[in-house]
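Participant: In case you want the letters, here they are:
2 protein chains.
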Amino acid sequence: MTRLATQTAPDEAASKAVTLVDCDIHPVMLPAETSRRLSARWRRHLERYGRRSPHITDTYPRPRNQGMRADAWPEGGVPGSDLALLQHQLLDEHDIDFGILLALHGSDGYDPPELMAELNRAVNDWLVEAWLDRDDRLRASLCVPHDQPALAVAEIERRASDGRFVQVLFPASAQEPLGARKYWPIYEAAAAHGLPVAIHTGGYYAHRGTGWPSFYLEEHAGYGTIMQLALTSLVCEGALAAIPDLKLVLTEGGAAWAAALRWRLDEAWSLLHDETPLLERPPSEYISEQVWFDTQPIEEPDDPAHFMDIIQQADLTDRLMFATDYPHWDFDSPTQTLPRGVPKELREKIFAGTACDLYGLPRTRDAG
Amino acid sequence: MTRLATQTAPDEAASKAVTLVDCDIHPVMLPAETSRRLSARWRRHLERYGRRSPHITDTYPRPRNQGMRADAWPEGGVPGSDLALLQHQLLDEHDIDFGILLALHGSDGYDPPELMAELNRAVNDWLVEAWLDRDDRLRASLCVPHDQPALAVAEIERRASDGRFVQVLFPASAQEPLGARKYWPIYEAAAAHGLPVAIHTGGYYAHRGTGWPSFYLEEHAGYGTIMQLALTSLVCEGALAAIPDLKLVLTEGGAAWAAALRWRLDEAWSLLHDETPLLERPPSEYISEQVWFDTQPIEEPDDPAHFMDIIQQADLTDRLMFATDYPHWDFDSPTQTLPRGVPKELREKIFAGTACDLYGLPRTRDAG
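For the protein sequence lines, the chains are A and B, in the order given. Sequential numbering of the first sequence, starting at 788, is according to our numbering. Sequential numbering of the second sequence, starting at 788, is according to our numbering.
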């Protein structure tokens, strides 16, 4: 659907129905931007010592172009750093009504607590000034120093009144398993403000479990496996049960695996529930009620009918949300994301309806 | 089916059709048995220093009775240590035609290389004398010091002529990812002797990936996730492609997850195959041809029809084999393993046919 099509009838020119929400867009802050937003103390620290962990794009193998779409490099910048190019290539090109930004700079790395706090505050300031204030189609994920819960909660409290921050960002692996009691204050603060927690693939420790792979292929196919470890921990440690308003959005980790995981968890719980009194109901019920999934990179069965099987088996009808992963190389265009045979009503939910409900986005917007 | 039923016709008394093979039975060697089979040098070492890693049953949380069936404790021993009780409770009780032993003592722990070699040799000697020589229904998995490939290969060469060792045992996590080139000599030696490699849940490092969980529930539900990491590594590093005669048996890791993993791998490979020239075909083809799965603990969908969906989606028709996991607490009886609605032909394959084909077991045996 092009924007033109919605403008043919004069009455509809003022507003259009929201039909496409992109739930995973990665903006990139250039080092000079970071530096000028830090206090002198931590700017000096970075100049002298650098960061304890290199940025994710330096440590992970990448297929090409630092893992970016070849056409996404603005002149003199890096992909995701230029609003005009992102508007042109993504929002306008695909007529995206709302796009949710996930800046990955803050969650990666294990630097001193106050530096992590300043870095995340700087990223959030930059998200407001360079993106949210300049295009009303954009929303953002709040970056927090996730391994310093007190500082993370302070950042949530500082920003929660800005409704353009629609969720809190968390990496798929951290210093401790994601369900650990340590992180509950962050989840509680997010839930108290009605903010889902988006768990994004990655985190510096993601591969310590098996050692590092030789090929990017393994890392890429492993995103869905790392995400299963994260969700299993969040369920079994009781975080979902203890914080019923906590909502999780699993981004860039696939979704088809959720069916088998639900069965494993329910079967084990049926035998072991005396061990975990926090879990009063079968684990799959918490997943059905409190967990959403982004489509990119959704598993693609050979047989399109299997896609609908999975929707049913994993109870995903109201839980799957479209995402492009722009500007990364494995960008999903809305025309290619879903297989044949997905009913119209479900397509509409995946492309916009479910995200509008979860994030409280309006169902119509200015036709622009 | 009771043994009596097959004996009603006199002509059939001499032999009966093989209808039930149990692919995962855990015998346990008592410490005194281990000690007397070690050389004086390593016996002294164990007395003075113990083992570097405690045995798996000491380090893992367990639901009760050290994770054993409450009725499986022989007088003065531990579950799995007594042939007569195992014959009574398992082989005779369920009329099992063949049972495959997996002794987990050897693969766990990181002690000095020569001690690991002696320990595994002792376990294999004990398997022959205490089990294989005393019941012709039993077969065994060859224990090897998996993180010392040269010593592991020597043990394979020493035992390969004894056809009662039907596979080589490997833990689901080791010092390096399971696909690492380091382990290929073991896989090559197994393949050269026509022995599948059985990857069993566990291994001392299984949870370093996310840190240790608080509850056994998470560990139990995580078996299937750890197994996905192992299989992903074996596929992506090219071990299956480079060693086409290598056959893997994934034990105690479930199977339903294989559908989503196949889709993830094939999708990533379609975009990245120039990175991994060893993988000439979509990864799922290597899995279909070279990977088998044990049923215990098979995922149990709420809707039995979903079980058949998964068989089809993951191409498991000829790849799934029955297992009880005796004497562990989550023992699966043959009457409870499969949901309603599994066709007779498929049931026969799962309960006996596929294992007979893979392990070269006879299709009939003495009615005894």
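Some hints could be false.
Pairs count within a copy or across copies, as identical chains cannot be separated in the list.
[Unchecked claim] Subject to a maximum C-alpha distance of 20 Å in a straight line, what follows is the list of computed SDA-like cross-link-like pairs (lysine to any residue):
id	residue 1	residue 2
1	Lys969	Tyr897
2	Lys969	Phe1002
3	Lys969	Trp860
4	Lys969	Pro1126
5	Lys1131	Ala871
6	Lys969	Gly998
7	Lys969	Asp949
Hint data in this document are derived by calculation from the structure and do not stem from the laboratory.
Participant: With identical chains treated as interchangeable, where does the CA-CA distance between Lys1131 and Ala871 reach 20 Å or less: within a copy, between copies, both, or neither?
Facilitator: Neither. Shortest intra-copy (32 Å) and inter-copy (62 Å) distances fail the 20 Å Cα cut-off.
Participant: Is the C-alpha distance from Lys969 to Tyr897 at most 20 Å within one copy, between copies, in both cases, or in neither?
Facilitator: Result: close within a single copy only, 16 Å intra versus 31 Å inter.
Participant: Are the CA atoms of Lys969 and Gly998 at most 20 Å apart within a copy, between copies, both, or neither?
Facilitator: Between copies only: 13 Å across chains, 25 Å inside a chain, cut-off 20 Å.
Participant: At most 20 Å between C-alpha atoms: does Lys969 with Pro1126 qualify within a copy, between copies, both, or neither?
Facilitator: neither (40 Å within a copy, 40 Å between copies)
Participant: Are the CA atoms of Lys969 and Phe1002 at most 20 Å apart within a copy, between copies, both, or neither?
Facilitator: For Lys969 and Phe1002, only the inter-copy Cα distance (16 Å) is at most 20 Å; the intra-copy one is 33 Å.
Participant: Check Lys969 against Trp860 for me: Cα-Cα at most 20 Å, and say if that holds within a copy, between copies, both or neither.
Facilitator: neither (39 Å within a copy, 40 Å between copies)
Participant: Between the shortest in-copy and the shortest cross-copy C-alpha distance, which are at most 20 Å for Lys969 and Asp949: within, between, both, or neither?
Facilitator: Classified as neither; 26 Å inside a copy, 53 Å across copies.
Hints 3, 4, 5, 7 from the list above are not met by this structure, while the remaining hints are.
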